[in-house]
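S.K.: All chains should be modelled from the sequences, with the hints used to inform the complete structure.
There are 2 protein chains.
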Amino acid sequence: MTVATVRASAAVIDRHAYLDAAPLQPGDRVRFVAPSGLGSAESLERAVGAYRDWGLDVVVGEHVLDPHPRASYLAGTDDARRQDLVDAWLDPDADAVVCVRGGYGAMRLLDGIDWERMRGAALRRDGRPKLLTGSSDITALHEAFRVRLDVPTLFCPMPGNDVFRDSATIRDDVRRWLFEPWGGRELVGPKTEVLVPGVAAGRFTGGNLALLAGGLGAPEARDPAGGILFLEDVDEETYRLDGFLVALARAGRLAAASGIVLGSWHKCGDLAAVRALAEEMLPAFGVPVLWEQGFGHDPDALSIPLNVDGVLRAEDGGIRLSVGGVL
Amino acid sequence: MTVATVRASAAVIDRHAYLDAAPLQPGDRVRFVAPSGLGSAESLERAVGAYRDWGLDVVVGEHVLDPHPRASYLAGTDDARRQDLVDAWLDPDADAVVCVRGGYGAMRLLDGIDWERMRGAALRRDGRPKLLTGSSDITALHEAFRVRLDVPTLFCPMPGNDVFRDSATIRDDVRRWLFEPWGGRELVGPKTEVLVPGVAAGRFTGGNLALLAGGLGAPEARDPAGGILFLEDVDEETYRLDGFLVALARAGRLAAASGIVLGSWHKCGDLAAVRALAEEMLPAFGVPVLWEQGFGHDPDALSIPLNVDGVLRAEDGGIRLSVGGVL
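Residue numbers (the working numbering), protein chains in the order written: chain A, 7 to 333; chain B, 7 to 333.
None of these hints come from the bench; they were simulated from the model.
Treat the hints with caution; some may be incorrect.
[Stated by the list, open to error] One side of the interface only, derived from the structure: several residues of chain A facing chain B at Cβ under 8 Å:
| no. | residue |
| --- | --- |
| 1 | R76 |
| 2 | A224 |
| 3 | Y245 |
| 4 | A253 |
| 5 | A282 |
[As the list claims (entries may be wrong)] Simulated coverage check for chain A against chain B, where a stretch passes if three residues somewhere in it have a Cβ under 8 Å from a Cβ of chain B:
| no. | segment |
| --- | --- |
| 6 | 112–124 |
| 7 | 215–221 |
| 8 | 256–270 |
[What the hints assert, rightly or not] What follows is a set of in silico ranges between Cβ atoms, one per label pair, in the way DEER data are often shown:
| no. | chain 1 | residue 1 | chain 2 | residue 2 | range |
| --- | --- | --- | --- | --- | --- |
| 9 | A | D120 | B | E243 | 55 to 65 Å |
| 10 | A | P196 | B | D178 | 51 to 61 Å |
| 11 | B | R58 | A | D117 | 47 to 57 Å |
| 12 | B | A127 | A | P73 | 51 to 61 Å |
| 13 | B | G275 | A | E48 | 22 to 32 Å |
| 14 | A | G126 | B | G275 | 40 to 50 Å |
| 15 | B | D120 | A | P203 | 48 to 58 Å |
| 16 | A | R181 | B | E243 | 49 to 59 Å |
Beta carbons are placed, not taken as given, at the ideal position from N, Cα and C, and that holds for glycine.
M.R.: Right, here's the structure in full:
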């Protein structure tokens, strides 16, 4: 399917709207929310400063610095975090909703959201879809926004995280995804290798492996997606990654994929063991597989656009992973 | 539903066959298998000795001490572990299949099993169903055997584990479940408390929380079970337990339960934090909930029969959790 036909069939929300025109420009409004864990006031201030330096109109959610009455790992109650997320998305002047950090907790919000109302507010004043950004635990939101709203999203390091402060590579890459058009853009992982050669086209989906596995019983997982599946994780032992992959396989998500792109496995112990696991399990699905595409929790992690179509070529002539286009 | 009507509807496999007569007697054949991790020859020898001391005819699977070519956490290849499990179950002289240890790996075997053939071999020579025993990672087998074969199983500490060697409480309890009838037997947790009062009846299901969450996308999870749900875990941080519970909730498994019985949370950090999580999440389901019923990974963990009906009474007059009977 070409991008043109995809556009024609998406009468209301054009998930390829960012191929020709950048998602954001200076002056646009971005709403900061914390659907998962709690960060410090200092990290929030730094995050706001960074996005304001890019000329954006940053509005911070009311509950972003709230503690949770039970759990130190959550930023505010479920109701408070959900309210910030919903308020941000429903804001008619919002252009993007930026998750300032991950951790754990986004999946706790999903069943209480009025998705019809969210869908009715998915378009910006210019008619293009609003943009959700974030990674790690925010994978739960990427999945729900894809299935429920069918908007494009950006899987990217978050401004409240130390890596965003510490890595110019991360900041430059996020800025380009926000302020430049996506069409034809190549995703170049500095250490990418081919595990299984081949070519594939399809919608980019996925994110954090543990979060994808944790959502397999949820309503939004009833459709096993398909397309080019991105997977990464952090701080997990090999046997756990094994279990997450087996869970995805048993749910049909790996068999549905047209290609598989593995990102970084930061703090996941012996990388050779993780690679051996991937080499044992993934060739059976008969689709191209890339190793170490450089997104996820790497200190210089690259960003990945999700719910847009793209093309993966892993051939003798080299690797090419790009947004938009046709096979 | 009374036990009598349950029996009438189970024409072929009577999952309540052990209520009136003990599962095993001296001379019965038990087949030892290792569907998950690899144990030492010494621990296997000790396990065999213990069961032979009970007068059982122990037959050890061919691959129980095999290493896995990739992963030190697996006992033999998937094919080898699966073959041992299937061979054991298909043995017409087998009375029970005993998993000697857990770890990780049982879920890797499930999709390659011919369940029709397993179902055809589910009865012993005396017409009663064969008995599967084990815990922890073996939860994946308990779930599959319940859904695919509808046989009773025993969630119990395994003979290759150190706790079985070290705890007379464990050995005595396992021995009683194997050599005494189950009907009317009370499950008495030494530290059990009521989190939510009430009465419930239903089929006992569940086991290790992480394993249950990991199976939510799998074919056997399409029926959300119902009945009295047992949950325990080991060596997990609170936020992970939170995620597993949310995953079960989002899949409908908690809402389907008529009662919830929490076991031990061994090495799960601050027990007060785990309890606060349970107290926050579980009352919403409107069913009785017990705290610390003493099964799981506790050094003196009690055994729990699964896929048999039972009754839970958590009232002012005290706690009663028993096998069989009517409300």
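S.K.: Decide, hint by hint, whether the structure agrees.
M.R.: Results for each hint:
A distance limit of 8 Å between C-beta atoms decides the matter here; for R76/A the minimum to chain B is near 5 Å, and the interface restraint holds. Evaluation of the A224/A hint against chain B yields a held restraint, the C-beta minimum of about 4 Å falling below 8 Å. With a least beta-carbon distance of about 4 Å to chain B, the hint placing Y245/A at the interface is held under the 8 Å criterion. Checking A253/A against chain B by beta carbon gives a least distance of about 5 Å; that is within 8 Å, so the hint holds.
Contact between A282/A and chain B, as hinted, is supported at the beta carbon level, the nearest pair being about 5 Å apart and thus within 8 Å. Taking a C-beta to C-beta cut-off of 8 Å, the segment 112–124 of chain A contributes 4 residues in contact with chain B, enough for the three needed, and the coverage statement holds. With 3 residues carrying a beta carbon less than 8 Å from a beta carbon of chain B, the segment 215–221 of chain A meets the three-residue requirement, and the given coverage holds. Counting residues of the segment 256–270 of chain A whose C-beta lies closer than 8 Å to any C-beta of chain B gives 4; at least three are required, and the coverage claim holds.
Separation of D120/A from E243/B is about 32 Å and departs from the stated range, judged on CB atoms against 55 to 65 Å. Take P196/A and D178/B: their Cβ atoms lie about 60 Å apart, and the range 51 to 61 Å holds. Here the CB-CB span from R58/B to D117/A is close to 52 Å, well matched to the stated 47 to 57 Å. Between A127/B and P73/A the CB atoms are about 56 Å apart, so this pair conforms to the stated range of 51 to 61 Å.
Under the hint 22 to 32 Å, the C-beta atoms of G275/B and E48/A, about 27 Å apart, fit the expected range. A hinted range of 40 to 50 Å holds for the C-beta pair G126/A and G275/B, which are about 43 Å apart. In this structure the hint that D120/B and P203/A lie 48 to 58 Å apart at CB is violated, the actual value being about 34 Å. A beta carbon spacing of about 34 Å between R181/A and E243/B contradicts the range 49 to 59 Å that was offered as a hint.
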